[in-house]
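Novice: Residues per chain are reported as follows:
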Amino acid sequence: MDVVLLSRLQFGLTTIYHFFFVPLTIGLTLMVAIMETMYVRKKDASYQRMAKFWGKLLLINFAMGVVTGIVQEFQFGMNWSSYSRFVGDIFGAPLAIEALFAFFLESTFLGIWIFGWDKLKPALHAACMWIVAIASSVSAFWILLANSFMQNPVGYVMNNGRAEMESFLALLTNEHLLHQYPHVITGAWATAGFFVLGISAINLLGGKQKDLFRKSMKFAAVFALVGSLLVAMVGHAQGQHLVEEQPMKMAAAEALWHTEDPAGFAVIAAIDEENGENTFEFVIPKMLSFMVYNSFEGEVKGIHDIQADMTAKYGEGDYIPPVTVCFWSFRAMVGAGGLMIVLALAALVLTRKENGIQNGLLLKAMGLGIALPYIANSAGWILAEMGRQPWIVYGLQTVYEGVSASVSGTEVLISLIGFAAVYTVLAVVDVYLLAKFGVKDVAISDEAAVKEV
Amino acid sequence: MELNVLWFILIGVLFAGFFILEGFDYGVGIMLPFVSKTDEERRVVLNTIGPFWDGNEVWLLTAGGAIFAAFPNWYATLFSGFYLALFLILLALIVRGVAIDFRSKVENATWRKTWDALFFVGSLLPALLFGVAVSNFLTGVPIDANMEFVGNLFTLITPFTLLGGIVFVLVFAFHGCLFLSLKSGVKEINERVKAYSVKIGAVMLAVVVAWVIYGALITGILHSVIAIIATVIAAICLIAAVVLQYKGKSGIAFVASIIAILAVTAMVFATMFPNVLISTLNPLWSLTIHNACSSPYTLKIMTIVAVTLVPVVLLYQGWSFWMFRQRVTKNDLHY
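From first to last, the protein sequence lines stand for chains A and B.
Residue numbers are given in this note's numbering: position 28 of the first sequence equals residue 28, and the series is strictly consecutive.
Residue numbers are given in this note's numbering: position 17 of the second sequence equals residue 1017, and the series is strictly consecutive.
I should point out that these hints are in silico values taken from the structure, not numbers from a laboratory.
Note that the structure is predicted; figures quoted are calculated from it, not measured.
A hint or two may mislead.
Unchecked claim - Here are the simulated lysine-lysine pairs, PhoX-like style, with alpha carbons at most 20 Å apart:
#1 K56/A with K1105/B
#2 K210/A with K313/A
#3 K436/A with K1330/B
#4 K42/A with K52/A
Construct the entire structure; sequences and hints are all you get.
Specialist: Written out as structure tokens, the structure is:
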């Protein structure tokens, strides 16, 4: 079996899976911290109930994030050891800093939060969740700094056959990072917003705890809307930036084979990667130029021309990423994102009403809406990582050069099957527990629930 | 001191921290089926490490990250070379983490028994494999001229390294017993722990002696003065810990056990120095603190970060241990 393909499959599997849990942790820690702070400031016990209820779901999600995160730290060396040698001088630092700076804070203070309800003063207890929330966001910064170097290497010199760090500041201010980080964080807020909206909607449909879930919904609607709007705005700027930074990725995302001026936007396309063309497409004229330049004119480079440019620059080779995957993952991300804005807007307007949302159809839509950010998050990462193929570090090293020399295909196959099996079982367990604590075991009336607390 | 030497020591410290802290976590997991009989007792045992285990595990992640940052070639060769062993450790740690978190969330005997069994295996297996790995640090592994490991999983498993695995299991189990003696507030559990700990302690002493003598014959322990001193300290502390525990002085016994684990880690690192991964094929092919390390600039940045953050981490982790210093009873169960 092909080691590179298997290693890529495994990395894709473990990373996408890990990223099911990360955004919810980032967003929900912040939401729970705010809920608990409201409780401390307003002395309103219903906010404490909210913090406890959503905190319980947060803990289940957090555990999954922690255990799948360990793999992330180790797999660069395990499967991509040549890559690790090549960029370790730069790439290792943010990983170590992430552990020292963020993981210790998250794990220690979450432990204190879980066990400290009766031991700490309310304000101090709430502060623990704030620390966890901030640490989660800081954690994302460091790992995205590392990823940004793969996407857009800066601040390095080639020395001793490897990339060595020349400027830590340049890494911190990598333009890729400055776009990517807010995109991921606001996406995380939206994820948590829709999670709370959705679970609340399902419980309201079942007629459960109107007080708790209406309040939660009202709060989550703001989160969901702010998150969805910001993630779209930041994402738009990021896309414009990527046209300059990684033109091939964006050309692939639009299945734009030939340079056009002005360029049209293909809403859908039947892509023939073999022959490098679209056999069918539905195009809005000039739209792509507008998306890129905010003006209905302007040249957008096509895949074939960029391939020629890259061949001239890096030598013979196939520099075209999987166009079909890039094209459709981009549409999945943007499509899900658009629906999120509409749904969040509806939620915000309707939750302002006296009795909250009564419309069953809308509540059901919100229940299903939980899936939207997950689709957008996964599709976004698939585009980001597949779109940079064949590079593992853009312009410096390909995935073929980065793979471990001492690991066999059989070994990777064993681990791939092992991870896939365990992750599948855990997914079932996770969903079961979330359903149990989020819906099934939820007491019918607010009064009964108050007694439980 | 040159920065690569400093980082060699710092990584040693991180490993020591990991072995000391996760050591008792693993020990508690290994002892779980033996010292607790009822569901409530099991929960007490698990809750003794409740607020701490996740933070303790971060020591491993930090050690891994530090190796990557300071010695990329060490990270690359070690992690790809020990591929399947690491894969097993990862699976064990995944299962272990969710086991402690999920087991009490459902009131079903089969559910809980399954997670308890997984928690036991998830604690035993990493302890064993870390012992095997550390023993391989002492003996060296086949590394070629290109810094690549040229063996497989079975290259790593020899009588000596297996013995090292058993040493780690026993030391952690004993260490976990001492922790339980200090943290459990349930009489029945404490009595069982006491009885087991003395027996395990005795066996542990015998196996450790065998491992060290074996190691002295086939590895470079005797070539380093620091390693010899560390070995002596470890031996004295382990004996003292067993005797003290027998006399019911678990507190001082635990301190002795901590020093012993620190000393064993020091012994391993002192024996390796200045190598970070010894090649059994050709001494010239060994990875050292010189040919495996990062650039001076990266080491400088990382030193500033570590010197600033490590004391802060110790401070708040210490605070957490202080806050939850009381014994765990059947009334304060969260897991």
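Novice: State for each hint whether it applies.
Specialist: Hint by hint, here is what the structure shows:
A distance of roughly 10 Å separates the Cα atoms of K56/A and K1105/B; the hinted pair therefore holds under the 20 Å criterion. Our distance criterion of 20 Å between C-alpha atoms is broken by K210/A and K313/A, whose separation comes to about 63 Å. Restraint check for K436/A and K1330/B: not satisfied, since their Cα atoms lie roughly 25 Å apart, outside the 20 Å limit. Taking the CA atoms of K42/A and K52/A, the gap is near 16 Å; set against the 20 Å cutoff, the hint holds.
The structure fails to meet hints 2, 3 from the earlier list, while all remaining hints are met.
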